[in-house]
Amino acid sequence: MTSDYDDDFEVDEISESENEQGGTNEASAELERLRSENLKLRTKVDHLTNQLKHKSDTESRPSSTRSMSSIWEKKMAIIRRDNARLSRQVQQYSVAAETITGLENKVKELRINMKKILDENKALKRVQREQEKALTRYDEQLAEPHQMVQAYQNEIRALKLSIRQQQSSRVDENAARKVKLAYAKVTEKYRGLQATLLQCTGTDSVEAATAALEKFSALSKEREEFRVERDKVSQRVKSLEHSKVSATKRLELQLKHAEQKIARLTEANAALQAHVKTATHLQEAAEFSPALKARRGGKGHSRSGSQTSPLTTVDKTEAKVRSPLAETSPAIASPAVKADDGEFEDDFEVDSD
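The numbering of the sequence shown is the UniProt record's numbering, which starts it at 1 and goes up by one.
Do not take every clue at face value.
Beta-carbon label-pair distances, calculated as ranges [what the hints assert, rightly or not]:
| # | residue 1 | residue 2 | range |
| --- | --- | --- | --- |
| 1 | Tyr138 | Gln260 | 52 to 60 Å |
| 2 | Leu39 | Glu252 | 38 to 46 Å |
| 3 | Lys178 | Glu132 | 47 to 55 Å |
| 4 | Lys108 | Glu222 | 37 to 45 Å |
| 5 | Gln150 | Glu120 | 36 to 44 Å |
| 6 | Ala77 | Gln254 | 42 to 50 Å |
| 7 | Val233 | Glu32 | 48 to 56 Å |
| 8 | Arg230 | Lys106 | 30 to 38 Å |
| 9 | Ser94 | Glu130 | 54 to 62 Å |
In short, the hints are calculated from the structure, not lab data. Even glycine gets a Cβ: it sits at the ideal position worked out from N, Cα and C.
Input sequences plus hints: build the corresponding full structure.
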């Protein structure tokens with residue numbers, strides 16, 4: 001059962017590591033693409049600003065043209081502010097990617113430690129089984145002769161004590177003869193026991209058998225020590241299993257947090273792409289506006305006063321351009337969404353801690 005569990009756990013580890021690597025690669029590629037688009041947009045905005053400054057310095061314009069220039073300069077200032085905010089968001093996303101990488105490294109370290117704990121647990125269980133088998137074999141070989149020797153030794157001590165008591169109390173000869181006969185029988189039993197002991201221990205003398213018995217008693221003490229050590233090993237195995245369970249729960253919690261962060265980053269990237277598209281539309285409208293201004297300005301002088309002025313036409317164009325921006329990117333249209341962005345940044349800082 002343990003080997004099947006380990007195999008399933010290793011397969012789950014491999015699949016999870018592949019999924020995490022794939023998600024991290026996609027997030028890093030998306031961040032690189034956003035950085036490149038942001039750089040292109042910044043270059044275009046700078047170029048357009050330089051053109052506007054050059055035209056304002058070299059050409060003398062009427063009051064209406066100057067007011068239009070101020071309007072477009074305000075629009076460009078708005079675009080630059082949005083671009084700066086996008087740059088800050090890109091930096092925050094890069095920091096989030098680094099945080100995700102750090103969490104993945106911690107997850108890998110926890111998995112390595114868990115594998116070491118499982119290997120150590122297997123080794124300890126194997127040693128415990130071997131020690132139990134060795135103790136069982138040793139008990140079966142030497143337990144019975146040792147018990148018999150102790151029983152006969154106790155019986156001999158009791159008979160010797162009885163002989164001394166009878167000799168001291170000057171019992172009659174019949175009682176002494178009975179005691180001697182009993183002593184002879186016990187002596188014969190003791191000799192037979194010695195022969196049995198020599199045969200069981202495989203020695204040639206009583207001294208060697210006694211040494212074997214002493215060795216048996218020492219081995220019995222060692223067996224007790226082994227049992228104590230086995231209990232300690234069992235306690236350690238239980239503690240390792242507890243630490244394994246806690247490490248698994250901690251790992252699952254960190255993986256859940258990482259998945260939530262990746263989901264939030266994906267949503268923020270989608271919003272950022274929509275924002276970049278709307279900023280591109282604004283830039284294209286800003287590029288075509290000078291020619292449109294000049295053309296409509298010439299027509300305005302020739303027509304009657306009831307017709308629409310160039311300023312009103314440009315304002316309508318601005319409203320048309322900004323309407324898809326409000327629909328596609330709520331973060332630019334309403335300041336309330338900016339507050340939501342701040343809350344997202346606070347949540348991200350708490351999760352990273």
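A range of 38 to 46 Å was offered for this pair. Does it hold for the Cβ distance of Leu39 and Glu252?
39 Å, holds
Cβ-Cβ distance between Ala77 and Gln254: within 42 to 50 Å?
Roughly 43 Å apart at Cβ, these two residues keep to the hinted range, so it holds.
Whether the CB-CB distance between Lys178 and Glu132 falls inside 47 to 55 Å
50 Å, holds
Verdict for Arg230, Lys106 (Cβ pair) under range 30 to 38 Å:
Since Arg230 and Lys106 have Cβ atoms about 35 Å apart, the given range 30 to 38 Å holds.
Against the range 54 to 62 Å, how does the distance between the Cβ atoms of Ser94 and Glu130 compare: consistent or not?
55 Å, holds
Measuring from beta carbon to beta carbon, are Val233 and Glu32 in 48 to 56 Å?
53 Å, holds
Falls inside 36 to 44 Å, the C-beta gap from Gln150 to Glu120?
42 Å, holds
Does 52 to 60 Å hold as the CB distance between Tyr138 and Gln260, or does it fail?
59 Å, holds
Using the beta carbons of Lys108 and Glu222, state whether their distance is inside 37 to 45 Å or not.
43 Å, holds
Checked against the numbered hints given earlier, the structure satisfies every one of them.
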